[in-house]
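J.: So the chains spell out like this:
2 protein chains.
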Amino acid sequence: MVNLILFHPQELESELPLNDPRAIHILETLRRTELQSFDAGIVNGPKGKATLVKKNSSSLLLSFSWEDAGPKTELISLIIGLSRPQTARKILREATAIGIHSIYFVTTEKSDPAYAHSKLWTTGEYKRHLISGAEQAFTTQIPHIYHQGNLEEAIALSSANRTKIAFDNYEATGSFSTCSITPPVVLALGPERGWSNPERELLRSSDYQLCHLGTRVLRTETACTAALTLTRAKLNLI
Amino acid sequence: MVNLILFHPQELESELPLNDPRAIHILETLRRTELQSFDAGIVNGPKGKATLVKKNSSSLLLSFSWEDAGPKTELISLIIGLSRPQTARKILREATAIGIHSIYFVTTEKSDPAYAHSKLWTTGEYKRHLISGAEQAFTTQIPHIYHQGNLEEAIALSSANRTKIAFDNYEATGSFSTCSITPPVVLALGPERGWSNPERELLRSSDYQLCHLGTRVLRTETACTAALTLTRAKLNLI
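So the protein sequences, as listed, match chains A and B. Each residue of the first sequence is one higher than the one before, counting from -10 in the numbering used here. Each residue of the second sequence is one higher than the one before, counting from -10 in the numbering used here.
A portion of the hints provided could be inaccurate.
As the list makes no split between identical chains, a pair holds if one copy fits it or if it spans any two.
[As the list claims (entries may be wrong)] 25 angstroms max Cα-Cα, derived DMTMM-like pairs, lysine to aspartate or glutamate:
hint: 1; residue 1: K223; residue 2: E17
hint: 2; residue 1: K223; residue 2: E160
hint: 3; residue 1: K38; residue 2: E190
hint: 4; residue 1: K99; residue 2: E181
hint: 5; residue 1: K61; residue 2: E23
hint: 6; residue 1: K99; residue 2: E17
hint: 7; residue 1: K153; residue 2: E23
hint: 8; residue 1: K38; residue 2: E181
hint: 9; residue 1: K99; residue 2: E0
hint: 10; residue 1: K99; residue 2: E4
hint: 11; residue 1: K36; residue 2: E4
hint: 12; residue 1: K36; residue 2: E160
hint: 13; residue 1: K108; residue 2: D196
hint: 14; residue 1: K153; residue 2: D9
hint: 15; residue 1: K108; residue 2: E190
hint: 16; residue 1: K153; residue 2: E141
hint: 17; residue 1: K38; residue 2: E160
hint: 18; residue 1: K153; residue 2: E181
hint: 19; residue 1: K36; residue 2: E141
hint: 20; residue 1: K116; residue 2: E63
It is worth saying that the hints were derived from the structure and are not from the lab.
Here chain A stands alone, though its shape is the one from the complex:
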């Protein structure tokens, strides 16, 4: 469901083509006519109202008024083993909806290297799922996405986080729900088949605590929603 229509800053000065999915949504789903308004936002900028000023033969002329200062910096990042594209799509959309600073999709020993060559990544399709998650969640905030590195590179890029948690069903030393955390936080979730032993060693030597999310074996996208939700609750963001 689209609860907020997002625009990139460079789009604000030009008219919106009638074949743009947002124009179709404005006219057909929201049924807006001239001089009516709807909720809009600028990607990583403020939210506000857009007004349909005029419907031209091939485009919509819109005007905007912005109401807030834009989103605060999110405090959680996620490192995640490359998963099947259909799973990655859900993670992109739902993690964006819940609220996240960065997602690092990494190649791991137990993830299929073919996943990195999916059209999800090679065509830039992944950006569409971020917008979809933000439009659902009524936020303008789009996370940074990294999808071409391995676990070691992602650990290095996210090393400034103050709390580092890796989820592991096999060698966890305790439950995540009893961990105390200080923001910013990076969470590392393995691919569906889990971490390899060298990856566990790398995580431990990089100051990651190995935690579990209970005894149930969850699908990657469900574990991702659960981990992000618990972290946001611990940070008093819910």
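Starting from the structure of chain A, add chain B where the hints point.
T.: Just chain B now, with coordinates in the frame of chain A:
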């Protein structure tokens, strides 16, 4: 992913037909041959090991040894406004995976009454998604499902719960993450378009606290995973 193969009690005495999806999984995915074993469970009973004793021309002869006493009673129930069948499928599967006692899918003022006539419900297809969630999560526990009542009936059927929470984006008095709860717990989540005012009044007069899950507007299945995860963490079940 199937991490545990489930059998109904009445299936244990007969051979498993080769065209049963579980037989295909045992032979083709797990690649088990005669006298090899795999993880198995009885629906709402113990887990243990099954051994492929013999592959006959049209069936598998299995033997079983059970290792635990079966699952404990789950402490959380969910009342949820009937949603699109594709959303309901995810909720059935993921709520079962996370762990839940009962789910009441209810007609509400803002849910489409056609959803109740989906083949998901009329053909019994919904049972398959429960098994799928349990097989993923390595549990034998399958929730009770009610799908023919309205909100009032579900409230009455679940009235013995000690904590009653309804999620509402508009009239919540506080965040769920600050609520203290005593098990057993019933959580009520509206349909995608939310509760009507009479439904809110009914919930309040039935001792439900109206809470929110933060400012982000989540898809129903994501809100469901988030609410169940937070509740399990509060009950020290994670």
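J.: For each hint, tell me whether it holds in the structure or not.
T.: To see whether the hints hold, each was checked on the structure:
{"no.": "1", "hint": "K223 with E17", "verdict": "neither (41 angstroms within a copy, 43 angstroms between copies)"}
{"no.": "2", "hint": "K223 with E160", "verdict": "both (23 angstroms within a copy, 24 angstroms between copies)"}
{"no.": "3", "hint": "K38 with E190", "verdict": "neither (50 angstroms within a copy, 32 angstroms between copies)"}
{"no.": "4", "hint": "K99 with E181", "verdict": "within (8 angstroms within a copy, 37 angstroms between copies)"}
{"no.": "5", "hint": "K61 with E23", "verdict": "neither (33 angstroms within a copy, 60 angstroms between copies)"}
{"no.": "6", "hint": "K99 with E17", "verdict": "between (45 angstroms within a copy, 20 angstroms between copies)"}
{"no.": "7", "hint": "K153 with E23", "verdict": "neither (51 angstroms within a copy, 45 angstroms between copies)"}
{"no.": "8", "hint": "K38 with E181", "verdict": "between (42 angstroms within a copy, 23 angstroms between copies)"}
{"no.": "9", "hint": "K99 with E0", "verdict": "neither (41 angstroms within a copy, 35 angstroms between copies)"}
{"no.": "10", "hint": "K99 with E4", "verdict": "neither (47 angstroms within a copy, 35 angstroms between copies)"}
{"no.": "11", "hint": "K36 with E4", "verdict": "within (19 angstroms within a copy, 62 angstroms between copies)"}
{"no.": "12", "hint": "K36 with E160", "verdict": "between (44 angstroms within a copy, 22 angstroms between copies)"}
{"no.": "13", "hint": "K108 with D196", "verdict": "neither (34 angstroms within a copy, 50 angstroms between copies)"}
{"no.": "14", "hint": "K153 with D9", "verdict": "neither (41 angstroms within a copy, 44 angstroms between copies)"}
{"no.": "15", "hint": "K108 with E190", "verdict": "neither (32 angstroms within a copy, 49 angstroms between copies)"}
{"no.": "16", "hint": "K153 with E141", "verdict": "within (14 angstroms within a copy, 45 angstroms between copies)"}
{"no.": "17", "hint": "K38 with E160", "verdict": "between (50 angstroms within a copy, 23 angstroms between copies)"}
{"no.": "18", "hint": "K153 with E181", "verdict": "within (20 angstroms within a copy, 35 angstroms between copies)"}
{"no.": "19", "hint": "K36 with E141", "verdict": "neither (37 angstroms within a copy, 38 angstroms between copies)"}
{"no.": "20", "hint": "K116 with E63", "verdict": "within (18 angstroms within a copy, 39 angstroms between copies)"}
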